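Take the sequences, apply the hints, and build the full model.
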Amino acid sequence: MTVLAVADHRRGQLRDVSYELVTAGRELADDLGGDLHVACVSGDVDGFADDLSLDGVDTIHTVDHGEEFNHDVYLQVVEVLDAELDPTVVLMPNSVNGLDYAPAVASALDRPLVTDAVELAFEDGLVATREMYASKVETTIETDAERVAVTIRGGEWPPAEDHGDPAVEPFDLAVDESRVRSRVTGFEEVAGGDVDIGDADVLVSVGRGIEEEENIELVAELADAMGATLSASRPIVDNGWLPKNRQVGQSGKVVTPDVYIAVGISGAVQHVAGMKGSDTIVAINTDPNAPIFDIADYGIVGDLFDVVPALIEEFE
Amino acid sequence: MKVLVTVKEVGEAADDFEIDGLDIAAEYLEYDLNEWDEYAVEAAVQLVEAGHADEVVSVTIGPERTEETIRMALAKGVDRAVRVWDDAIAGAGLLDVEAKARLLEAVVAEEEPDLVLTGVQANDDGFGATGVALAERVGYEWAAVVNDLELDGEVAKVHRELEGGVEEHAEVDLPAVLTIQTGINEPRYASLRGIRSAQSKEIAPKGLGELGLDAGAVESPLTMTGMYEPETESDATIFEGSAEEAGAELAAVLREKGVGAE
Ligand SMILES: Cc1cc2nc3c(=O)[nH]c(=O)nc-3n(C[C@H](O)[C@H](O)[C@H](O)COP(=O)(O)OP(=O)(O)OC[C@H]3O[C@@H](n4cnc5c(N)ncnc54)[C@H](O)[C@@H]3O)c2cc1C
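Chains as they are written, first to last, in numbering that gives the first Met the number 0: chain E, 0 to 315; chain V, 0 to 261.
Since the hints were made in silico from the structure, they are not lab data. All values derive from a computational prediction rather than experimental measurement. C-beta atoms are modelled at their ideal positions from N, C-alpha and C, and glycine is treated no differently.
Over 10 Å on every C-beta distance to chain V, these chain E residues come out as not near it, computed from the model:
#1 Gly11
#2 Glu26
#3 Gly65
#4 His162
#5 Glu168
#6 Asp175
#7 Asp193
Computed, partial: chain V to chain E, Cβ under 8 Å:
#8 Ile18
#9 Asp95
#10 Gly125
#11 Val131
#12 Leu161
#13 Glu162
#14 Ser233
#15 Ala235
#16 Gly246
So this is what it looks like as structure tokens:
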């Protein structure tokens, strides 16, 4: 009974979730009484194998093919490793690239797929915990399928750190190029510009609770009065109300200010990924069940259109 | 060229809600078009307006109630709709990614679209996987988390939004499934004329039998066994009282942390 975890990397760097996959994979392998295999596919596979030579990993398979992630290649590699190892669980990251190949892997291998798992155990079968309804509820999902595919949410497992001594096995795979029907042609940084919200000590961040573009002015006034920088959740940027360089989150900017004030922001996982490292988190939200309160240090359950003017008065 | 766009009606939980068994009690759910699908619909309609496509068909897995949501898509320019549902689907419990992909696969086989657009994820179950699973099943190429799309003959030139403000530029051979990210466009409001014309557009109901499937198609190896409100790990200090009182208390704490100091 083995677990196969597939590492995630981009532009020459392993991504944090790769180390978290090792922890999650080891836990499952222990539940199963089996081995943990890790696959490093494309890029600097030898360097990645060095970095992932961690305690708890039994074998690392390196597949040297192309520089960057390509889902057609990943699909073929996992298919071949699956045939070779017959793992009980194939573990992949719920990253953007994970979302680009994990569902195809599960479908091709005829394995049920659980995505975005935040907790895992293997008893008679896999038991996974995942969120629903914009993180307002948690659910448990069980399966007695003998072989499953799972993607894990980043940041939920501690990264594996201790050095280990796994076997590293280069894997020579003849990729069927006729099945590669997509090509990566380049990368682009999109969040540049005049302001770097990553430099701010205090951020006042505005979310969809603000309702209308002209109301942003109210939160901008608060930021002004506090001597803070204005940032935002994604819908504000999607609507074109603020530029992309103000977006906090997984696809925006990761920020770690001394104080982060979330105004009318629900606290979706992709937003939290960008601000949970802030020293002090303050939430102003009408919904007492909004997930943002789970990570807040201070909160006001109330209407921002009442609370923000009161705060402006305090700081002016 | 024909575009098929998946349209899902999702439930949104009220601020205060109760759980009834394995779902949020119906009276606490409000239904709406999935946010990500709204951008997919807009992308499809824009392909028609740009002269690339000549028909947009939407497909929804959902009960009769969802026709209200489907009409919203029709009002925004979708030409006609397919709605997949029957008693076997209603009784199936958790429709996992593969079950949904099997149903959509049958619709793709019937419609033979050149391009399928789905939302990146649905805001209720949040699996984020149906589009890519569908692509694998029907043998189409795909790209996930697309926030820019340009068609060039038999190739879709896309930007994929990665983490940390980085975009990947990629080319994908058609036919393809693209999962659409918010921000790719500005979804339009339905015009009065659109709303009126949506009333006469076709919504074709289809059961498993009509799609050449049987009840086995919606059997899932996954079972939901629990739903609960997450135990809050919050140790947040909540300031009570009027906006002025709560604001004053918060301001005092913030000042202590140096906020607002000249
Ligand atoms: C691949 C991917 C990447 C993503 N990347 C990011 C990212 O980088 N950053 C990001 O932010 N999101 C990102 N998202 C989107 C994310 O899932 C959420 O949709 C988004 O964060 C929601 O923003 P919000 O909290 O402002 O809006 P909502 O979730 O709509 O929340 C609005 C909140 O305002 C409250 N509210 C309403 N009215 C008032 C009022 N009058 N007073 C006070 N409170 C009020 C409501 O109770 C609610 O909690 C990403 C999604 C995906 C799929």
